[in-house]
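J.: So you can see what is in the structure, the chains are spelled out below.
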Amino acid sequence: MLVPTIEFSDERLANGLRLIVAEDHLAPVAAVNIWYAVGSKHEQPGKTGFAHLFEHVMFQGSAHVSKAEHISLIQSIGGTMNGTTWLDRTNYFETVPSHQLEIALWLEADRMGTLLDALSQENLDNQREVVKNEKRWSYDNRPYGSWWEHMLAGLFPEDHPYHHTTIGSMADLEAASLEDVKAFFRMHYAPNNAVLSIVGDVDRTQVRGWVERYFGGIPAKPGLPVVISGDVPPTLGRERRETVADRVPHARIYWGFRSPLFGDPRLDALDLAGQILAGGKGSRLHRRLVRDERLALDVALSSAGCVLGSSVTAGWATARPGVDLAVLEAAFWEELERLATTPPTADELERAKALTEADELGALQRVEERADRLSMYATLFDDPDLVNRILPRYLGVTAEQIRDVCRDVFRADNRLVMVYQPAEQAAGDAEAAA
Amino acid sequence: MSPQGPQGMVVAERPVAGEPRPYAFPPFRRTRLANGLSVVAVDMPGRPLLSAALVVPGGATDEPAELAGATILMARALAEGTADHDAVALVEAIERLGASLHAEAGWDALSISLDVPAGRFAAALDLVAEVAARPTFPDSEVERLREERLNDILQARADPRRRAEDAFIDTIYAPTSPYRRSSAGTTETVERLDASTCRAELARRFDPARMSLIVGGDLAGIDVERLANERFGGWVADPATRPPGPIDATPAARHRQIRVVHRPGSVQTEIRIGHPGAARLIPDFHALAVMSAVLGGLFNSRLNRKLREEKGYTYGAHAGFDLRRGAGPFAARAPVDTAVTVPAILEMLAVIDGIGGGVSQVELDEARDYLVGVFPLRFETAGAVVGALSGIVIQGLPDDELARYRPAIQAVTADDVVAAATAHVHPDELAIVLVGDADAFLPDLEAAGLGPIEVERDPVPASPEVGDDEDA
Numbered sequence: 001m002l003v004p005t006i007e008f009s010d011e012r013l014a015n016g017l018r019l020i021v022a023e024d025h026l027a028p029v030a031a032v033n034i035w036y037a038v039g040s041k042h043e044q045p046g047k048t049g050f051a052h053l054f055e056h057v058m059f060q061g062s063a064h065v066s067k068a069e070h071i072s073l074i075q076s077i078g079g080t081m082n083g084t085t086w087l088d089r090t091n092y093f094e095t096v097p098s099h100q101l102e103i104a105l106w107l108e109a110d111r112m113g114t115l116l117d118a119l120s121q122e123n124l125d126n127q128r129e130v131v132k133n134e135k136r137w138s139y140d141n142r143p144y145g146s147w148w149e150h151m152l153a154g155l156f157p158e159d160h161p162y163h164h165t166t167i168g169s170m171a172d173l174e175a176a177s178l179e180d181v182k183a184f185f186r187m188h189y190a191p192n193n194a195v196l197s198i199v200g201d202v203d204r205t206q207v208r209g210w211v212e213r214y215f216g217g218i219p220a221k222p223g224l225p226v227v228i229s230g231d232v233p234p235t236l237g238r239e240r241r242e243t244v245a246d247r248v249p250h251a252r253i254y255w256g257f258r259s260p261l262f263g264d265p266r267l268d269a270l271d272l273a274g275q276i277l278a279g280g281k282g283s284r285l286h287r288r289l290v291r292d293e294r295l296a297l298d299v300a301l302s303s304a305g306c307v308l309g310s311s312v313t314a315g316w317a318t319a320r321p322g323v324d325l326a327v328l329e330a331a332f333w334e335e336l337e338r339l340a341t342t343p344p345t346a347d348e349l350e351r352a353k354a355l356t357e358a359d360e361l362g363a364l365q366r367v368e369e370r371a372d373r374l375s376m377y378a379t380l381f382d383d384p385d386l387v388n389r390i391l392p393r394y395l396g397v398t399a400e401q402i403r404d405v406c407r408d409v410f411r412a413d414n415r416l417v418m419v420y421q422p423a424e425q426a427a428g429d430a431e432a433a434a
Numbered sequence: 001m002s003p004q005g006p007q008g009m010v011v012a013e014r015p016v017a018g019e020p021r022p023y024a025f026p027p028f029r030r031t032r033l034a035n036g037l038s039v040v041a042v043d044m045p046g047r048p049l050l051s052a053a054l055v056v057p058g059g060a061t062d063e064p065a066e067l068a069g070a071t072i073l074m075a076r077a078l079a080e081g082t083a084d085h086d087a088v089a090l091v092e093a094i095e096r097l098g099a100s101l102h103a104e105a106g107w108d109a110l111s112i113s114l115d116v117p118a119g120r121f122a123a124a125l126d127l128v129a130e131v132a133a134r135p136t137f138p139d140s141e142v143e144r145l146r147e148e149r150l151n152d153i154l155q156a157r158a159d160p161r162r163r164a165e166d167a168f169i170d171t172i173y174a175p176t177s178p179y180r181r182s183s184a185g186t187t188e189t190v191e192r193l194d195a196s197t198c199r200a201e202l203a204r205r206f207d208p209a210r211m212s213l214i215v216g217g218d219l220a221g222i223d224v225e226r227l228a229n230e231r232f233g234g235w236v237a238d239p240a241t242r243p244p245g246p247i248d249a250t251p252a253a254r255h256r257q258i259r260v261v262h263r264p265g266s267v268q269t270e271i272r273i274g275h276p277g278a279a280r281l282i283p284d285f286h287a288l289a290v291m292s293a294v295l296g297g298l299f300n301s302r303l304n305r306k307l308r309e310e311k312g313y314t315y316g317a318h319a320g321f322d323l324r325r326g327a328g329p330f331a332a333r334a335p336v337d338t339a340v341t342v343p344a345i346l347e348m349l350a351v352i353d354g355i356g357g358g359v360s361q362v363e364l365d366e367a368r369d370y371l372v373g374v375f376p377l378r379f380e381t382a383g384a385v386v387g388a389l390s391g392i393v394i395q396g397l398p399d400d401e402l403a404r405y406r407p408a409i410q411a412v413t414a415d416d417v418v419a420a421a422t423a424h425v426h427p428d429e430l431a432i433v434l435v436g437d438a439d440a441f442l443p444d445l446e447a448a449g450l451g452p453i454e455v456e457r458d459p460v461p462a463s464p465e466v467g468d469d470e471d472a
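Going line by line, the protein sequences match chains A and B.
Under my numbering, the first residue of the first sequence is numbered 1, with each subsequent residue one higher.
Under my numbering, the first residue of the second sequence is numbered 1, with each subsequent residue one higher.
Chain A on its own, in the form it takes in the complex:
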């Protein structure tokens, strides 16, 4: 085994804050990472995009920190920072020179405890505009930019918490009020809904003392965690097809599937299937569609692990100009079915595992990634030690398990097929026909 075991402490403060500390003295750096167990899945109808908008508000100041000061303070101590929002969580993180760790903890505690003291209509309005521009930039003004919105809407029913994307809708963002933001904070932001992981050149005992000092006084909130349900059948039940006209130069076909939940060992096998099918130039789809038959300009297939009802497995192929899309679609599907019928060869499996192992080694060498993983596994599975067991799990997957999960997932009655067509082409066709 190439990847070293990560030793960590794991405890809870009296207010419920879970604290995980892993010492690593190789470099004079320390990573701080907080996961709050709130994501876009917690949003109510008409209030999509709130979890993410809220994440922006978290950088607008708190009782002892002025607007934008969080970021300038972290940068001026030589640190990096960000926050991200996803279906299942919101996380905030800083990586700092290790002698500056205490200031990062203080900043996180101040906003966890006192965010609403500094909240203003002006700051909310400002960040609403920033987020609307983020949506325009990341989705609306980008070729194929709407694919993820279509994917989630197609794989999950309208009343499912995953039906809408994290960025939300412009109308809902427009409608977000100060009261909404306050209610969101009161509902979800509390020490007993958070995991704080600290990794790097630190002393556990000292960190424990600092965390108690800065976070210990923040009261727990009753009624947390907020549990929501989102059971769906394991498959779509029928094929769904969609055509999207977009300002793109090449047609592209997207495939989407419901798949086993994050944490389910069958998803490990499906991740390796993704590697074998589309994980680089040695993969089956790349070899056949891009190199040998020259049907596609690129191919992709991977899974996003989710914990509510179903994960999302998605792939695509961009059509080479002049290629019959039906031929491309059939070839792509044939490769998926082939792996669903016959296990991969020993060599394919060995290569997929070697790459997975090296990827894991590469990812975990950074303290930031280790802290994020510890927070993630603790938040989603109450099992931070999964960081040490996930690679052995991948390495233990058999060829038959890969075939079996492909058989369960790559079914015609479990596929969403979306075809992006060049809009100018479509318009030209219409004009010619008129």
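No wet-lab data here; the hints were simulated from the structure.
Please note: incorrect hints may appear among the correct ones.
Listed below are the simulated DSSO-like cross-link pairs for lysine-lysine, each with C-alpha atoms no more than 30 Å apart in a straight line [claimed, not checked]:
#, chain 1, residue 1, chain 2, residue 2
1, A, Lys353, A, Lys281
2, A, Lys67, A, Lys221
3, B, Lys306, A, Lys281
4, A, Lys67, A, Lys182
5, A, Lys221, A, Lys47
6, B, Lys311, A, Lys67
7, B, Lys306, A, Lys67
8, A, Lys182, A, Lys47
9, A, Lys182, B, Lys306
10, A, Lys47, A, Lys67
11, B, Lys311, A, Lys47
12, A, Lys182, B, Lys311
13, A, Lys182, A, Lys221
Far from chain B by the CB rule (all over 10 Å, computed), these chain A residues [what the hints assert, rightly or not]:
#, residue
14, Thr5
15, Gly154
16, Asp231
17, Phe262
18, Ala300
Here are some chain B residues pointing at chain A (derived, C-beta under 8 Å) [to be verified]:
#, residue
19, Pro15
20, Pro138
21, Asp365
22, Glu380
In this text, a Cβ means the ideal position worked out from N, Cα and C, and glycines have one as well.
Got chain A; can you put chain B on it based on the hints?
T.: Below, chain B alone, put in the same frame as chain A:
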């Protein structure tokens, strides 16, 4: 409960920093093989994922203008077949080692980079040597890569931000400059490329005396010099080899230019404002770094603070210099809501115009402290260290360049920043390039009186011919 603070739940008093642990950029040793190939080894104990780069000077500026894109095509084709392996066998061999091997070229150099667990380094280095010295450039693979690039050009035209970058460099550089075009070439030039172009481009760069192998990571038990000598020691320079020449970075104009690429219905305008900037080898590099951070590098840079945190015009506004062997672009960039296109341009111009007027002590401190403090964070992994050393080699910088970075940044004064701004930012020569819905902002833009405006409207796409299924 902590007693401090008005809320009684958090601590009002800010903590102060502890004692910093000493940090030095990882020391490296440099040796030369008998044929002149330079070997740089950086031991980083505890980093079992090794990183290596074989750096070959001469990039996309060192190719004939009519064959633009040849270097990058050649680099991508290196791993598409060798005298020992066809393309598929090669990628399988790489994957079996759990390695990643990429050959890529930029403006200044070609680099074959490798990441591999330490125990398999020697076997992976065999493959690096193979793709560098014995590529076969099979016609079919080169043709496929060429076609991929031609299709990528279509994608670049459709993507507003790539379109803006291409229109920007096309606006600011004179026709004689290679920087006017994309480093991967244009449709016209890429169509001329084939396997023989690739062979010629490799040959003219193949001189071991100018190449460097840089290896970083936990090198316990690994004799880098010996392994390099066994694989590269027998290389001899190709007779066609020649060193990189001077670079023409002539500006297109010494006055304001405004260019609008009309993209009907665009919900944002991609703004680029700038002019040809500076080369990497300048005496005031550190002052320029601090000035760039204040202007458009930090989150609280003048540009981002104004456009994002005050106005909400954008998700992010940035500015900086692309420092190459020649004078790469200086650009301020922001994607903004279409409705605020003109106000955003005016704010950006005001911010750029103001940087020569001085910086506050707070700005100076924040920028210096960030650049000095973040330095150790940048070099946590072997890949990052090898990348930085590749830059040293490619740009011909002294070996102590990284060691002296932090003191040199710390020594930058407010006067130095103003001097760097005066020397490298020229408000009267800024080009303004916009990709967006011109119909929505053109009247306001004209009314702003910023200068003559050139508007580019894409031809309406032709109706497809009957029976012709070539739809690109």
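J.: Are the hints correct? Go through all of them and say.
T.: Outcome of the hint check:
Restraint check: the Cα-Cα separation between Lys353(A) and Lys281(A) comes to about 16 Å, which is no more than 30 Å; the hinted pair holds. A C-alpha spacing of about 26 Å is found between Lys67(A) and Lys221(A), which places the hinted pair at or below 30 Å, so the restraint holds. With a C-alpha separation of about 44 Å, the suggested pairing of Lys306(B) with Lys281(A) is violated against the 30 Å cut-off. A threshold of 30 Å between alpha carbons decides the hint, and for Lys67(A) with Lys182(A) the separation of about 17 Å falls inside it, so the pair holds.
Straight-line distance between C-alpha atoms of Lys221(A) and Lys47(A) comes to about 23 Å, which keeps the hinted pair within the 30 Å bound. Distance hint between Lys311(B) and Lys67(A) is fulfilled; the C-alpha atoms sit about 14 Å from each other, no more than 30 Å. The straight-line distance between the Cα atoms of Lys306(B) and Lys67(A) is roughly 13 Å, inside the 30 Å bound, and the hint therefore holds. With a CA separation close to 13 Å, the supplied pair Lys182(A) and Lys47(A) stays within the 30 Å bound.
Our distance criterion of 30 Å between C-alpha atoms is met by Lys182(A) and Lys306(B), whose separation comes to about 26 Å. A C-alpha spacing of about 24 Å is found between Lys47(A) and Lys67(A), which places the hinted pair at or below 30 Å, so the restraint holds. Proximity of Lys311(B) to Lys47(A) is assessed by CA-CA distance (about 24 Å); at most 30 Å being required, the pair is judged to hold. For the proposed pair Lys182(A) and Lys311(B), the alpha carbon gap of about 23 Å is at most 30 Å, so the pair holds.
About 14 Å separates the Cα atoms of Lys182(A) and Lys221(A), which keeps this hinted pair within 30 Å; it holds. The Cβ of Thr5(A) lies farther than 10 Å from every Cβ of chain B, with a closest approach of about 13 Å, so its non-interface assignment holds. Distance check for Gly154(A) against chain B: the nearest CB is about 23 Å away, which clears 10 Å, and the non-interface claim stands. For Asp231(A), the requirement that its beta carbon stay farther than 10 Å from each beta carbon of chain B is met, with the minimum near 35 Å.
With a closest Cβ-Cβ approach of about 24 Å to chain B, Phe262(A) is found to remain outside the 10 Å limit, as its non-interface label requires. With a closest Cβ-Cβ approach of about 15 Å to chain B, Ala300(A) is found to remain outside the 10 Å limit, as its non-interface label requires. The beta carbon of Pro15(B) comes within 4 Å of a beta carbon in chain A, closer than 8 Å, and the hint placing it at the interface holds. Of the supplied interface hints, the one on Pro138(B) is violated, with its beta-carbon coming no nearer than about 11 Å to a beta-carbon of chain A, more than 8 Å.
For Asp365(B), the suggested interface contact is upheld, since its CB lies about 7 Å from the closest CB of chain A, less than 8 Å. With a cut of 8 Å, the hint placing Glu380(B) at the interface with chain A holds, because the nearest CB-to-CB distance is about 5 Å.
The structure does not agree with the numbered hints 3 and 20 stated previously, though it agrees with the rest.
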